[in-house]
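Top line first, the protein sequences correspond to chains Y and Z. When you line the first sequence up against our numbering, it's residues 17 to 271, in that order. When you line the second sequence up against our numbering, it's residues 17 to 271, in that order.
Please keep in mind that the hints were generated in silico from the structure rather than gathered at the bench. You may find that some hints are simply not true.
A pair holds if it fits inside one copy or across any two, identical chains being indistinguishable in the list.
Unchecked claim - Each computed BS3-like pair below joins lysine-lysine, with the alpha-carbon atoms no more than 25 Å apart:
1) K259 x K159
2) K80 x K159
3) K75 x K204
4) K159 x K204
5) K159 x K75
Protein chains: 2
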Amino acid sequence: MNRNETITHQLDHRSIRFFKDRPVAEEDLQAILAVGERTASSVGAQSVTVIRMTNQGLKDQLMKICGQEYVAEAPELFVFVVNLYRNFQLAKEKGADPHPPTMNHFMQGAADAHLMAQNMMNAIESLGLGGCFLGNILNDVDKEIELLDLPPYTLPILGMIFGHPDDDPQLKPRLDMAHRVHENGYEKADSYLDLVEDYDQEMTHYYDTRNKNQRSDSFSKQMASHMTTSSENRDRILKSIQKQGFDLGLDLEES
Amino acid sequence: MNRNETITHQLDHRSIRFFKDRPVAEEDLQAILAVGERTASSVGAQSVTVIRMTNQGLKDQLMKICGQEYVAEAPELFVFVVNLYRNFQLAKEKGADPHPPTMNHFMQGAADAHLMAQNMMNAIESLGLGGCFLGNILNDVDKEIELLDLPPYTLPILGMIFGHPDDDPQLKPRLDMAHRVHENGYEKADSYLDLVEDYDQEMTHYYDTRNKNQRSDSFSKQMASHMTTSSENRDRILKSIQKQGFDLGLDLEES
Numbered sequence: 017m018n019r020n021e022t023i024t025h026q027l028d029h030r031s032i033r034f035f036k037d038r039p040v041a042e043e044d045l046q047a048i049l050a051v052g053e054r055t056a057s058s059v060g061a062q063s064v065t066v067i068r069m070t071n072q073g074l075k076d077q078l079m080k081i082c083g084q085e086y087v088a089e090a091p092e093l094f095v096f097v098v099n100l101y102r103n104f105q106l107a108k109e110k111g112a113d114p115h116p117p118t119m120n121h122f123m124q125g126a127a128d129a130h131l132m133a134q135n136m137m138n139a140i141e142s143l144g145l146g147g148c149f150l151g152n153i154l155n156d157v158d159k160e161i162e163l164l165d166l167p168p169y170t171l172p173i174l175g176m177i178f179g180h181p182d183d184d185p186q187l188k189p190r191l192d193m194a195h196r197v198h199e200n201g202y203e204k205a206d207s208y209l210d211l212v213e214d215y216d217q218e219m220t221h222y223y224d225t226r227n228k229n230q231r232s233d234s235f236s237k238q239m240a241s242h243m244t245t246s247s248e249n250r251d252r253i254l255k256s257i258q259k260q261g262f263d264l265g266l267d268l269e270e271s
Numbered sequence: 017m018n019r020n021e022t023i024t025h026q027l028d029h030r031s032i033r034f035f036k037d038r039p040v041a042e043e044d045l046q047a048i049l050a051v052g053e054r055t056a057s058s059v060g061a062q063s064v065t066v067i068r069m070t071n072q073g074l075k076d077q078l079m080k081i082c083g084q085e086y087v088a089e090a091p092e093l094f095v096f097v098v099n100l101y102r103n104f105q106l107a108k109e110k111g112a113d114p115h116p117p118t119m120n121h122f123m124q125g126a127a128d129a130h131l132m133a134q135n136m137m138n139a140i141e142s143l144g145l146g147g148c149f150l151g152n153i154l155n156d157v158d159k160e161i162e163l164l165d166l167p168p169y170t171l172p173i174l175g176m177i178f179g180h181p182d183d184d185p186q187l188k189p190r191l192d193m194a195h196r197v198h199e200n201g202y203e204k205a206d207s208y209l210d211l212v213e214d215y216d217q218e219m220t221h222y223y224d225t226r227n228k229n230q231r232s233d234s235f236s237k238q239m240a241s242h243m244t245t246s247s248e249n250r251d252r253i254l255k256s257i258q259k260q261g262f263d264l265g266l267d268l269e270e271s
């Protein structure tokens with residue numbers, strides 16, 4: 017395998033949740049934002065806005081929504097927001113008569129947001145900093161829309177915290193890429209329990225030996241739970257998307 | 017601004033669409049896939065599968081769906097597929113009684129796919145290779161599901177081509193990050209035409225001077241068109257998601 021500094025950092029990715037009480041240097045922050053600016057964007061529409069959280073009161077409230085205490089304590093906390101409001105307003109000012117944004121616009125904004133977040137994360141890690149993504153931003157987007165004063169045609173989609181690591185977690189085992197790359201079409205397995213057998217053992221070992229939040233668990237056990245447990249608000253995300261003015265397109269006729 | 021090799025590559029990102037007639041070395045491919053394997057994943061569910069396209073006939077058919085000739089000619093073509101089928105089957109084999117995957121599962125898979133694609137792109141560019149994302153994979157997901165023999169609970173979400181660059185395009189101007197990062201909440205502008213005035217000029221200059229596909233255009237003109245033009249199949253993506261067995265959750269009651 018060919019390696020270089022970038023790839024070495026990428027292969028060493030861990031979720032860093034605890035940070036030294038030291039701000040991220042301005043020159044680092046500038047580099048991270050510059051990388052965000054250069055990130056690829058669907059049809060060049062740049063349909064994502066980053067909300068940088070610096071107000072401790074708001075960070076505390078966001079932490080409560082995410083249900084993770086470390087969110088409020090991180091030196092930097094970004095919320096990536098799918099944003100079609102700017103382009104909608106721009107189109108109107110330009111004299112066009114825009115239709116409410118569709119699910120296609122929404123998906124493009126979500127892609128922009130995730131690409132930007134990962135690109136920034138690579139810059140963060142290359143600078144010797146660390147961080148982690150906050151999927152729990154989806155726990156209650158309605159509350160966040162209120163908290164962040166978000167206009168129509170926008171929706172928070174992902175969070176990210178970063179700073180100087182005060183944590184050195186083990187690498188979390190991953191399912192072998194051999195099982196996740198198929199050639200020319202989908203390759204079904206006869207037994208998925210067989211397919212993840214080795215991985216299950218690795219994960220159990222990982223949970224048995226890591227320091228914090230010890231639990232004995234396996235991937236298949238986790239997935240059995242993940243695929244059966246309702247995630248309440250999160251399953252209703254389309255209702256929130258619709259409430260924000262997006263056209264779900266469910267009444268469109270087939271081509 | 018702090019710089020290093022990783023960030024220098026990131027700031028130099030361009031969409032590379034044309035490639036030398038030379039395969040990607042096995043050692044490079046291994047590194048790119050290893051980076052994919054280590055990418056962060058929502059709740060660790062790893063709900064994305066990569067379809068690597070090596071069959072020229074299938075690449076040609078995919079090219080027709082994407083409507084971009086260079087897709088069929090790229091040395092490497094990956095399709096990122098949101099995949100809840102594996103975890104659904106795994107849960108069943110484990111004796112659980114899984115509900116059809118929800119939009120929450122779908123969003124987690126889409127996040128996994130985009131994070132992995134961007135992470136791989138950073139590895140690709142660090143190796144001196146180039147590539148671009150194919151948002152046009154969303155042009156007709158129903159046809160692709162057939163073409164790639166995709167099972168229920170899956171959906172193609174993004175494509176990517178890469179190889180040895182035979183193209184050296186200009187950097188495409190971007191809207192200043194100062195307008196895309198807000199602090200502690202959404203910051204509305206009085207006039208979005210004013211906000212993008214400089215950027216409009218930059219974009220017009222970019223289109224006037226670049227070699228290929230010359231057109232005189234501005235960002236606001238593009239967005240006026242993008243926000244008013246229906247994208248047909250792409251606006252109906254939820255119907256395809258529903259057809260693939262996902263529960264859209266529109267009948268769930270408010271909490």
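Hints broken by the structure, by number, lowest first?
Checked against the structure, no hint fails, so every one of them is satisfied.
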